[in-house]
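Peer 1: Produce the entire structure from the sequences given, and follow the hints as far as they go.
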Amino acid sequence: MSVATIAAFWAVSLLFVVTPGADWAYAITAGLRHRSVLPAVGGMLVGHLATALVVAAGVGMLVSRSPALLTVLTLLGAAYIGWLGVTMLARPGGPVTAGDDAGGSWVRQAAKGLGTSGLNPKVLLLFLALLPQFTDPGGRWPVGAQIAVLGAVHMVGCAVVYLLVAVGARRVLRSRPGASRVVTRFSGVAMILIGAALVLGQVVG
Numbered sequence: 031m032s033v034a035t036i037a038a039f040w041a042v043s044l045l046f047v048v049t050p051g052a053d054w055a056y057a058i059t060a061g062l063r064h065r066s067v068l069p070a071v072g073g074m075l076v077g078h079l080a081t082a083l084v085v086a087a088g089v090g091m092l093v094s095r096s097p098a099l100l101t102v103l104t105l106l107g108a109a110y111i112g113w114l115g116v117t118m119l120a121r122p123g124g125p126v127t128a129g130d131d132a133g134g135s136w137v138r139q140a141a142k143g144l145g146t147s148g149l150n151p152k153v154l155l156l157f158l159a160l161l162p163q164f165t166d167p168g169g170r171w172p173v174g175a176q177i178a179v180l181g182a183v184h185m186v187g188c189a190v191v192y193l194l195v196a197v198g199a200r201r202v203l204r205s206r207p208g209a210s211r212v213v214t215r216f217s218g219v220a221m222i223l224i225g226a227a228l229v230l231g232q233v234v235g
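In this text, residue positions in the sequence shown follow our numbering: the first is 31, and each later residue adds one.
In case anyone wonders, no lab produced these hints; they're calculated from the structure.
Honestly, I wouldn't trust all of these hints.
Claimed, not checked - Straight-line alpha carbon distances no greater than 20 Å define the calculated SDA-like cross-link-like pairs of lysine to any residue that follow:
(1) Lys152 / Thr49
(2) Lys152 / Val102
(3) Lys152 / Val212
(4) Lys152 / Val234
(5) Lys152 / Pro162
(6) Lys152 / Val42
(7) Lys152 / Trp113
(8) Lys152 / Val183
(9) Lys152 / Leu99
(10) Lys152 / Leu68
(11) Lys152 / Ser96
(12) Lys152 / Gly187
(13) Lys152 / Arg206
(14) Lys152 / Val186
Unchecked claim - Derived CB-CB ranges, DEER-like:
(15) Leu194 / Ala98: 32 to 40 Å
(16) Leu160 / Ala189: 17 to 25 Å
(17) Pro50 / Val116: 15 to 23 Å
(18) Ala41 / Gly174: 18 to 26 Å
(19) Arg65 / Phe216: 38 to 46 Å
(20) Gln163 / Leu119: 37 to 45 Å
(21) Trp171 / Arg211: 29 to 37 Å
(22) Ala80 / Val219: 40 to 48 Å
(23) Met31 / Val212: 42 to 50 Å
Small disclaimer: the values here were computed from a predicted structure and weren't measured.
A virtual CB, placed ideally from N, CA and C, is assigned to each residue, including glycine.
Peer 2: In structure tokens form, the structure reads like this:
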């Protein structure tokens, strides 16, 4: 793979990452509710990497050719994202203090991050539509290996952006508990709307 191809993919991928969505909403919540944002962000990165590996293995192509399976995955992802939004609204909380961690264990935080990204059908659809355009079937590397490399590049961009979002939310809102609750509620509403939009897209489509 050429450096120019990787750079072009990185630029397009970064545009996707900097667009607020379910991942942003969870990153903001992690910054406000957890002592460390690393488990939540790490879980989201694993979710993106797992999706890239699924596409690299060819499973993603099989999913794209099965409308019924793709619909089921989309509805499951929408339900999970919507459920996370509801839990944020039910327990908005405030900025975490030195002796408190409103989000529970690190494993639970990572699992939520993994679910947020790994079950987000938009991530799968992005990889299905985007990654193949930057691969070269006639190149020296197998297409699966090329997709894995591009997925890793995408994950680096995700890591930088999500950490900035999570840490930025914490630093800006740490001394503003009222504002932090508003932002958490807004993130919850955003996730519910994203889930509803995914369901609506399946119904209308």
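Peer 1: Determine for every hint whether it applies to the structure shown.
Peer 2: Hint-by-hint comparison with the structure:
no.	hint	result
1	Lys152 / Thr49	12 Å, holds
2	Lys152 / Val102	13 Å, holds
3	Lys152 / Val212	26 Å, violated
4	Lys152 / Val234	16 Å, holds
5	Lys152 / Pro162	16 Å, holds
6	Lys152 / Val42	15 Å, holds
7	Lys152 / Trp113	17 Å, holds
8	Lys152 / Val183	18 Å, holds
9	Lys152 / Leu99	15 Å, holds
10	Lys152 / Leu68	23 Å, violated
11	Lys152 / Ser96	16 Å, holds
12	Lys152 / Gly187	17 Å, holds
13	Lys152 / Arg206	33 Å, violated
14	Lys152 / Val186	18 Å, holds
15	Leu194 / Ala98: 32 to 40 Å	39 Å, holds
16	Leu160 / Ala189: 17 to 25 Å	18 Å, holds
17	Pro50 / Val116: 15 to 23 Å	19 Å, holds
18	Ala41 / Gly174: 18 to 26 Å	23 Å, holds
19	Arg65 / Phe216: 38 to 46 Å	22 Å, violated
20	Gln163 / Leu119: 37 to 45 Å	38 Å, holds
21	Trp171 / Arg211: 29 to 37 Å	49 Å, violated
22	Ala80 / Val219: 40 to 48 Å	27 Å, violated
23	Met31 / Val212: 42 to 50 Å	45 Å, holds
The earlier numbered hints that this structure contradicts are 3, 10, 13, 19, 21, 22.
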